[in-house]
Every structure is written in structure tokens, then in C-alpha cells.
Amino acid sequence: MRRAGLAREQSSLRTVRKAVAMMNCEEFELRGLDLDRADADPQEAAAATKHVAVCGRCSAMLESWREVKGDLRLLRESTRLDSAPARVEMRLKQELRTRREARGPHRTAVIASWALAAAAVVASLGWMQIHRRAEKSVVAERKTVNAADMLTTNPTENENDVRLAADFDTGEFTKLPGSLSSGTGDESILQVRMQRGALERYGLPVDPERASELLDVDFLVGEDGQPQAVRLHQDTQIAAVTQ
Amino acid sequence: MKILDEKPDALLKRALRGDEQAFLALYQKHQSALYRYALRMTGSQWAAEEVVQEVFLVLIREPQKYQPERGELGAFLYGVARNRVMKHLEKTPRELSLDVMNADGSAWYEPEDPLTPMMIAEKRERIEQVRAAVLGLPAEFREAVVLCELEEMSYEEAASACGCPIGTIRSRLHRGRALLLAKLELLRDAPRRASAGAK
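Order-wise, the sequence lines are chains A and B. Going by our numbering, the first sequence opens with residue 1, and the numbers climb by one from there. Going by our numbering, the second sequence opens with residue 1001, and the numbers climb by one from there.
These are calculated hints, taken from the structure and not from any lab test. Don't take each hint at face value.
Okay, derived cross-link-like pairs now, DSSO-like style, lysine-lysine, Cα gap no bigger than 30 Å in a straight line [claimed, not checked]:
(1) K1123(B) x K69(A)
(2) K1123(B) x K93(A)
(3) K1007(B) x K1091(B)
(4) K69(A) x K1007(B)
(5) K1007(B) x K93(A)
(6) K1013(B) x K1091(B)
(7) K93(A) x K1091(B)
(8) K1029(B) x K1013(B)
(9) K93(A) x K1183(B)
(10) K1007(B) x K1065(B)
(11) K1007(B) x K1029(B)
(12) K1029(B) x K1087(B)
(13) K1065(B) x K1091(B)
(14) K1013(B) x K69(A)
(15) K1123(B) x K50(A)
(16) K1087(B) x K1065(B)
(17) K50(A) x K69(A)
(18) K1183(B) x K1029(B)
(19) K69(A) x K1065(B)
(20) K93(A) x K1013(B)
(21) K1065(B) x K1123(B)
(22) K1087(B) x K1013(B)
(23) K1029(B) x K50(A)
(24) K1183(B) x K1123(B)
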């Protein structure tokens, strides 16, 4: 490691010596005048200094250049406060304002059109939501027929529902035709197994082809012991088939 | 944070949104160097004024031309100024206007040296000679001298402003220096020769 470091040092020293030794008049003309620059390469500056010490022609050229540099410095100093007149700034400010004002209405129009579009989207979404809710409530009203509701409804209005309830198992209580609702909430549920055809006795229409099927049925029985509504079990038919 | 401490790109964004203060901060930061560059290249106050104005108008009207990933804003502005200067020089290739001789006295900066009026007059004359000599250089060499010697840019900065390799800048500067030396030597020797002839 140490040997490698020493070798590198010696190599760099050789390079510096070589650079110093290699600079000739032509190279000095090309790069030697950079001697006084802040960003001059130190190796080249050293080489140039060494060359100037032994070459009268290049030394005279360097002197002349230093005089010119002095003149250039004078020129630089005399104009270092130069700047564009205030009217340039005024014109540019005016241009900036004009563009800003021109852009104002355009931007307003863009914002307004986006706002309108957003409002339209929100309105349509709202309308769709309301529409869906209305549909859902209609379906729910149709589906959620509980016993209490059945008891308070008019029999003639639900004739179709009754027919459906007798023919297809819905899992809901179906009011029996001609029954009177007590509305007291003291009803009890009676579970029985019977043939579908027996439902005819309670005024429910039955498909004759399915009259022999066994059903599990819940009767809602009032205080007076009379059945008021009936509910067919969903799994009744499967049970009937397996039996 | 002061507005001048903000990064140029941030200032530019604000300026393009219409922030006048941000634009003025950018303008104040760059206008002086651009004006001096244009003035030294063209030798005309009027042309330098036009160049500075056009440079900033480009920034206002076509900001997309500046791409931060390609270099700093200062270099971009120099590039635009350079194009405008070159166009101006193409139109008036041999016009060496000396109207920078501060007719209104505004451009003249008097160093605070304890000089006699005679010395001041000589100094002014010398400065004008240098100014004329620089203006007499071919545009490419003049540009290298202006950027590297008068604006004291590094080779790298000058190359970035001119959009050329560092080697090209060094080569142009070398030629420019040689020409400038010859011109000024001639000017310097003329009075000597005249006084020698009189003897």
C-alpha cells in the first residue's frame, strides 16, 4: 500500500516536472497567457512561469498582455455599473400585465366550464342515486310483508299475493282470506305438517297437481284461536321430495 | 425568505403565473450582465437595450424554450442574447458605433482614484481605445474576450453561454488576445513613434 502511494506520488511529481519542462514558445502562446487567471491550471501556470523565466520573447509578450489586461480592467471598471435603462423594465412589466389580463378571462372561462361540467356530473349522479333508492324501496315494500302488515291490509288488494303465497313458498306470512285482524299483537305461531291441498280449507287456491305434497306450515293464530295468516317453509318441498 | 434567495426556477414559475415581483427579481439579477455583454458586443446602447428587452420577452412569451435540465437560466438567457447580438451584427457587420461614449453621462463610472484631470483624461482616452479595439475584433473572438476577460467568466461558463466546447472558447480567446495585443500595441506605439519623429 505504502509502496503504491509512493509510486503514485513520484509519478505525479514526474508529470509536473515533465509539464514544466515540456512548455515551449508555441504552447506558451496558446496557454501561457492564462497564467494570471483564477481558474488557471496550477501545473500549466508553473510551466508557463518557468518558460517565461528563460524566454525573453514570451516574457515580453506576457508583459504586453498584462498591460492589455490592465486596460481591459479599466474598461470593465468603467462599465461595471452599466445596466439596461428603466424603460426596458417598464416595457417588460407592461407586457407581463397585458398577458396576465389577457389570460384572466380565458382562465375564468375554463374554470366556469369545468365547474359546469362538474355540476352536471354531480346532478346526474344524484339523480341516479335517487332513482336507485326509489327502486330499492319499491322492491323492499314488495318483499317485506310481515305478519303485522298482512293483518292490516285489505284482503282484496292482496288477492294476487295470496295466490302466489299458496302456490309458491315465499317464507312470509300470508293473510288468510276472510280472516279478521285483531291487531293486538298477541298472536301465536302454530307449526304443523300438512298436505298442500289442505290449504284449500283456509280459502287458499292450490294447484291440483301439487295437492298431495307435504308441507311444513306456520299458522298465525289469533286470541280467538282462529288462524289469521299462514307461512310456508322454504325447505318444505325439498323435504317432501326426499321423503 | 427573501425573494432573491429563491431558486431561479421557482422564481420563473411564479413570474409566469403573473407574479410581477418574481419577474422583476429575475430581471434585476440578469439584466445588467446581459446588457453589458450586448453593449460590448454591439457597441450600441440602443442595440443592447433591444437585446435585453427581447431576451426577457422570449422568457415571458415562450417560457417553454427554457429547459432546466439542459442548463441554468443564466446560460439560457446568455444564449438568447447571443443569438440576438449575432443577428444584429449580421445586419450591421461593419458598424462600430461608439455611442456608448455616455452622451448623457449615465454609463460613465469614475473610479475613486486620486487622479489629476490630466490623468483622468488620459485614462478615459485609454478606455475608449480598448473599447474600440474590442469592438474591432471579429465577432467570435470578441465574444470570447468579452465573456472571459471582461465578464470574467470561467471557460466552462463561457462555453455554456456560447453553446460550444471549452476547447473552442480557448482557441477563440487565444486568437482574440493576439489580435487585441496587436491593435493596442499599435495604438500604444503611435504616440511613441510620433514623439520620436518630432525629436
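Here is how each hint holds up against the structure:
Proximity of K1123(B) to K69(A) is assessed by CA-CA distance (about 14 Å); at most 30 Å being required, the pair is judged to hold. For the suggested pair K1123(B) and K93(A), the alpha carbons sit about 38 Å apart, so the restraint of at most 30 Å is broken. Of the supplied pair hints, the one linking K1007(B) and K1091(B) is violated, its CA atoms being roughly 37 Å apart against a limit of 30 Å. Taking the CA atoms of K69(A) and K1007(B), the gap is about 34 Å. The hint is violated against a cut of 30 Å.
For a cut-off of 30 Å, the pair hint linking K1007(B) to K93(A) stands: about 21 Å separates their Cα positions. The straight-line distance between the Cα atoms of K1013(B) and K1091(B) is roughly 35 Å, outside the 30 Å bound, and the hint therefore fails. A C-alpha spacing of about 29 Å is found between K93(A) and K1091(B), which places the hinted pair at or below 30 Å, so the restraint holds. Between K1029(B) and K1013(B), the direct Cα distance comes to roughly 16 Å. Compliance with the 30 Å bound is thereby established for this hinted pair.
For the hint pairing K93(A) with K1183(B), the CA-to-CA distance comes to about 42 Å; that exceeds 30 Å, so the pair is violated. For the proposed pair K1007(B) and K1065(B), the alpha carbon gap of about 18 Å is at most 30 Å, so the pair holds. For the given pair, K1007(B) sits about 12 Å from K1029(B) by alpha-carbon distance, which is consistent with the 30 Å threshold. With a C-alpha separation of about 25 Å, the suggested pair K1029(B) and K1087(B) falls inside the 30 Å cut-off, and the hint holds.
Restraint check for K1065(B) and K1091(B): the C-alpha separation of about 25 Å stays at or below 30 Å, so the hint holds. With a C-alpha separation of about 40 Å, the suggested pair K1013(B) and K69(A) falls outside the 30 Å cut-off, and the hint is violated. In summary, the hint linking K1123(B) to K50(A) is not supported, as the alpha carbons are separated by about 33 Å, beyond the 30 Å threshold. At roughly 19 Å between alpha-carbon atoms, K1087(B) and K1065(B) fall within 30 Å of each other, so this suggested pair holds.
In summary, the hint linking K50(A) to K69(A) is supported, as the alpha carbons are separated by about 21 Å, within the 30 Å threshold. At roughly 34 Å between alpha-carbon atoms, K1183(B) and K1029(B) are farther apart than 30 Å, so this suggested pair is violated. For the proposed pair K69(A) and K1065(B), the alpha carbon gap of about 37 Å is over 30 Å, so the pair is violated. This hinted pair checks out: K93(A) and K1013(B) have alpha carbons roughly 16 Å apart, not beyond 30 Å.
Taking the CA atoms of K1065(B) and K1123(B), the gap is near 43 Å; set against the 30 Å cutoff, the hint is violated. Distance check on the hinted pair: K1087(B) and K1013(B) sit about 29 Å apart at the alpha-carbon level, within 30 Å; holds. Of the supplied pair hints, the one linking K1029(B) and K50(A) is violated, its CA atoms being roughly 42 Å apart against a limit of 30 Å. At roughly 17 Å between alpha-carbon atoms, K1183(B) and K1123(B) fall within 30 Å of each other, so this suggested pair holds.
Hint check: violations occur at hints 2, 3, 4, 6, 9, 14, 15, 18, 19, 21 and 23; the rest are consistent with the structure.
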